[in-house]
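Asks: Residues per chain are reported as follows:
Protein chains: 2
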Amino acid sequence: MSTDKKEHIINTAIGLFAERGFEGTSIRDLAAKAEVNIAMVNYYFGSKDKLFEAMLVQKASYMREKLEEIANDKSRSDIEKMDAVVEAYVNRILSQHQYHRIIHQELMLKQREEVHNSIINIFSKNTLIIKSIIEQGIKKKAFKKVDPELTFATILGTINQVMLSKGMCNLLINKEKNFNPYTDETFKKRIITHLKQIVHSLLLQH
Amino acid sequence: MSTDKKEHIINTAIGLFAERGFEGTSIRDLAAKAEVNIAMVNYYFGSKDKLFEAMLVQKASYMREKLEEIANDKSRSDIEKMDAVVEAYVNRILSQHQYHRIIHQELMLKQREEVHNSIINIFSKNTLIIKSIIEQGIKKKAFKKVDPELTFATILGTINQVMLSKGMCNLLINKEKNFNPYTDETFKKRIITHLKQIVHSLLLQH
DNA sequence: TTGAATTAAACAAACGTTTGATTAATTAAT
DNA sequence: ATTAATTAATCAAACGTTTGTTTAATTCAA
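Order-wise, the sequence lines are chains G and C.
Under our numbering, the first residue of the first sequence is numbered 236, with each subsequent residue one higher.
Under our numbering, the first residue of the second sequence is numbered 236, with each subsequent residue one higher.
Source of the hints: derived by calculation from the structure; they are not laboratory data.
Nothing false has been slipped in among the hints.
Heads up, the list lumps identical chains together, so a pair's fine if it works in one copy or across two of them.
Calculated lysine to any residue pairs in the SDA-like style (CA-CA distance at most 20 Å, straight line):
#1 K431 / V381
#2 K345 / I355
#3 K401 / S359
#4 K360 / G402
#5 K345 / G402
#6 K345 / E258
#7 K366 / N409
#8 K241 / Y334
#9 K431 / E384
#10 K379 / K431
Everything numeric in this text was worked out from a predicted model, so none of it was measured.
Take the sequences, apply the hints, and build the full model.
Replies: Here it is as structure tokens:
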């Protein structure tokens with residue numbers, strides 16, 4: 236019971252935080268949408284801030300393990316590793332786009348410094364893994380000399396740019412308003428294809 | 236007098252909105268930082284919302300004119316036009332990074348639908364201009380067949396990704412904390428170089 | 001002296017949070 | 001097996017603060 240309802244509150248909160256931001260969401264809004272009493276949020280989580288942290292912990296997606304698995308996979312060439320990185324990020328961000336949007340907000344704002352720093356820390360470690368893949372490719376002369384950090388920024392930035400707002404998605408995709416870009420496989424493939432094209436043309440020698 | 240103080244309030248507001256978001260910034264915070272009386276904000280702007288709109292109008296940067304100038308410049312080749320687009324965006328976003336961050340926030344959130352839609356509308360028109368440049372290059376067989384919308388998303392997304400947070404900048408740049416990435420010419424050139432490399436390798440035939 | 005600028009104070013509404021009562025479910029004692 | 005005691009969940013109501021906004025008085029400049 237308790238766990239179910241806690242999760243239900245967290246899931247409702249994710250939707251609201253993603254659409255309105257943390258400070259733009261009141262506990263009354265949240266309680267109303269989750270159809271629970273106002274007091275339940277503080278009863279379960281202690282405070283609005285702690286609800287936020289509980290949400291981050293529960294919905295955290297550990298990309299690092301996936302990236303390290305890709306980086307250490309000796310059956311893949313370096314360019315295949317980069318392709319796998321692209322696919323992993325597109326899949327992850329598309330499937331968790333609300334959570335990802337909240338992270339994105341926190342990254343932009345200077346509120347909640349602790350959260351902010353831990354996001355940058357995670358990002359920092361992921362950057363190092365991508366960097367090592369790219370530098371290996373360069374050392375083997377399979378890759379051109381590129382800017383490893385900014386190459387990673389391009390991959391993530393492109394996905395973010397199209398995933399930021401539904402309106403932006405529909406603009407890029409030329410679809411009607413009730414179309415859901417987050418579940419559309421064609422759209423996903425389009426992003427993956429574009430990013431692979433970017434990565435291949437940027438990295439591979441001719 | 237009036238104009239000076241109004242501008243001073245707007246400039247202070249930009250800094251706060253960029254760091255804490257619109258709902259995360261109280262009029263009291265703003266008044267304190269701008270060193271004016273709390274009542275002055277409503278005296279000059281009518282309301283917090285209207286201050287926000289006044290700020291958007293005053294600090295709006297009309298990229299479209301610049302883009303159309305580039306697109307219609309017959310002395311430039313298509314790839315040179317794309318290079319000019321890259322430079323224009325990097326310069327614009329770096330020089331107005333706080334304003335740009337606020338626009339970015341509004342794009343992500345579902346608050347203030349009117350603002351949200353007008354941002355998407357502006358973006359939509361800019362996308363069309365870039366698209367026309369790329370499609371001209373493709374028609375002339377100077378460019379490879381690429382995804383024009385996503386190519387634009389890559390340019391903007393890359394800049395956004397590195398400009399989102401100062402922490403992110405310093406992570407990419409490996410500099411000490413008091414280093415200011417927004418005014419550093421070396422950093423700017425690094426981004427421009429990377430993006431031109433992306434655009435060239437993606438678009439140009441070999 | 002008139003109108004604009006500025007102020008401290010107050011306003012209602014909304015905020016996150018806490019309370020104390022009530023109900024439902026679980027455990028312990030007889 | 002039944003009752004009593006204990007715990008957990010839920011609720012409406014209220015708490016003190018902070019919010020955006022307004023007032024009315026005062027200062028300033030022309």
